[in-house]
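Heads up: the sequence lines are chains F and L, in that order. Per my numbering, the very first residue in the first sequence carries number 1; after that it's consecutive. Per my numbering, the very first residue in the second sequence carries number 172; after that it's consecutive.
Heads up, some of the hints might be wrong.
Derived contacts from chain F toward chain L, CB cut-off under 7 Å, selection only [said to hold, decoys possible]:
no.	residue
1	L23
2	S27
3	K51
4	R52
5	L55
6	H70
7	P72
8	G73
9	A76
10	S77
11	F84
12	F88
13	L133
14	Y134
15	T137
Don't read these hints as lab results, they were simulated from the structure. Keep in mind the model is a prediction, meaning the values are calculated, not measured. Where is the CB? At the ideal position from N, CA and C, for every residue including glycine.
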Amino acid sequence: MIGLLLKNILGIIGFILLQVLILNHVSLFNGWAQPFLYIYPLIALPLILPKRFLLLIGFFTGLAIDLFTHTPGVHASAAVTLVFFRPFVLKIIRPREGFESYNPSIKSMGVAKYFTYSGLLVLIHHFWLFGLLYFSTGLILTAIGHALLSSGFTLIFILLVQLFSQNKKTF
Amino acid sequence: MKNLFRFFYQNSFVIGFLLLQGVSFWLIANYTYYQQSVLYQAGNTVAGNFSERKIAFTDYLNLDEANAELVEENAGLKNKSIESFSVVNKEYVVINDTLHKIKYRYYAAKVINSTFHKVENFITINKGSIGGLKPNMAIINSKGLVGITTSVSDNFSIVLPIIHPRSRHSVQVRHKLYFGILKWNGKSFREAQMEEVANHAKLVVGDTIETRESSVFPEGIPVGKIINIEPIEGSNFLDISVGLFVDFSNIYYVYVIDNLMKHEQQLIETEGYK
Chain F
1 MIGLLLKNIL
11 GIIGFILLQV
21 LILNHVSLFN
31 GWAQPFLYIY
41 PLIALPLILP
51 KRFLLLIGFF
61 TGLAIDLFTH
71 TPGVHASAAV
81 TLVFFRPFVL
91 KIIRPREGFE
101 SYNPSIKSMG
111 VAKYFTYSGL
121 LVLIHHFWLF
131 GLLYFSTGLI
141 LTAIGHALLS
151 SGFTLIFILL
161 VQLFSQNKKT
171 F
Chain L
172 MKNLFRFFYQ
182 NSFVIGFLLL
192 QGVSFWLIAN
202 YTYYQQSVLY
212 QAGNTVAGNF
222 SERKIAFTDY
232 LNLDEANAEL
242 VEENAGLKNK
252 SIESFSVVNK
262 EYVVINDTLH
272 KIKYRYYAAK
282 VINSTFHKVE
292 NFITINKGSI
302 GGLKPNMAII
312 NSKGLVGITT
322 SVSDNFSIVL
332 PIIHPRSRHS
342 VQVRHKLYFG
352 ILKWNGKSFR
362 EAQMEEVANH
372 AKLVVGDTIE
382 TRESSVFPEG
392 IPVGKIINIE
402 PIEGSNFLDI
412 SVGLFVDFSN
422 IYYVYVIDNL
432 MKHEQQLIET
442 EGYK
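Take these sequences, add in the hints, and give me the full structure.
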């Protein structure tokens with residue numbers, strides 16, 4: 001259990017670095033679509049980890065991103081929301097006999113289910129994130145546009161990571 | 172009591188969620204740039220060091236553009252230097268100038284982290300209090316006004332750029348001297364808005380906007396060009412869009428301006444307005 005946890009935490013740190021060093025500087029359509037791949041490990045965390053514990057992991061992951069983007073609390077709040085909704089989304093798509101593997105992935109869930117699972121979580125996270133970012137400006141349509149375009153962008157990255165890590169057990 | 176504990180234990184997921192959201196919202200609500208808390212300083216230093224390493228690499232990729240900009244500016248400065256002027260009348264060479272006192276001092280700094288496609292944008296530069304920087308100093312680059320410093324740690328400073336909803340700058344129209352306030356509505360990083368200009372002002376599209384002299388800014392630093400003018404219905408003011416000269420997606424070297432007479436000006440202003 002501890003080994004599994006350490007492995008996952010290392011993975012999270014890796015994705016935070018990737019986000020901060022590279023992906024924070026990547027954008028499409030004049031800044032309308034930005035990828036937030038740091039949420040990938042939160043989506044991919046094994047199902048056997050206790051839910052309450054995931055909340056803390058989500059919070060600190062978000063806080064780490066906040067430190068670099070000067071938006072204290074915004075990413076933390078969005079990541080906690082994502083982790084909170086994770087069990088509910090899993091419940092929706094869970095087959096009657098349960099999942100074979102303990103890790104959410106294309107291999108264990110199938111393409112359609114994994115797409116629904118990660119897509120829903122990405123949408124929840126992005127809408128919450130841009131809602132908070134644009135809350136004070138009142139630009140609702142701008143926020144929705146950003147959230148939708150960025151969701152597509154992030155999802156493409158998530159599916160790419162899945163494609164390249166098909167054979168490994170985690171990440 | 173036992174039931175209470177059981178209730179908390181059974182609902183710990185929801186309670187934990189609400190608690191962490193509470194902490195997050197507290198952070199969002201309490202965040203100010205003037206915050207000098209230990210945590211923020213530490214974060215500033217860590218993130219700054221980190222960004223500096225990263226920029227050491229990306230510097231190479233941007234050398235061309237940065238060099239071109241610097242060469243252009245050097246040429247401009249050479250035009251103004253004393254060697255560029257021939258002496259017309261030797262009798263009037265000034266040896267010890269006591270009429271002019273240095274008012275502004277310029278520091279060069281490098282941008283090591285910046286954002287431009289967000290609502291609340293920031294720039295981190297690689298000079299801090301050790302390099303002589305203080306909060307509320309003007310930041311410009313070779314093209315025009317960038318912003319002001321807000322938070323300063325030992326080796327790094329955070330700049331509040333024009334493209335931030337909380338940025339406010341006193342500006343004027345070049346040669347026409349109508350005053351206004353420059354704000355940003357969060358839509359495009361190439362455009363800002365000039366407000367509080369009365370609608371009798373005779374302005375045309377293409378007029379240059381520059382800074383008005385204040386305790387922070389020297390007069391006449393270019394800001395942008397007017398690209399659209401519309402009267403606001405039901406008021407006596409104009410809605411003016413300003414195309415910014417500084418391209419915030421492409422910013423490497425900046426100058427920090429220290430007003431050496433700032434203290435004196437602020438002193439007499441607070442004394443005088445009492």
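Hint check results:
1. L23: Nearest chain L Cβ about 13 Å off; hint violated.
2. S27: holds (5 Å)
3. K51: holds (5 Å)
4. R52: holds (5 Å)
5. L55: holds (5 Å)
6. H70: holds (5 Å)
7. P72: holds (4 Å)
8. G73: F/G73 check passes; min Cβ-Cβ to chain L is 3 Å, inside 7 Å.
9. A76: holds (5 Å)
10. S77: With Cβ-Cβ at 4 Å, under 7 Å, it holds.
11. F84: With a closest approach of 5 Å, the F/F84 hint holds.
12. F88: violated (11 Å)
13. L133: holds (5 Å)
14. Y134: Constraint on F/Y134 satisfied, holds at 6 Å.
15. T137: holds (5 Å)
The structure fails hints 1, 12 (numbered hints given earlier, in ascending order).
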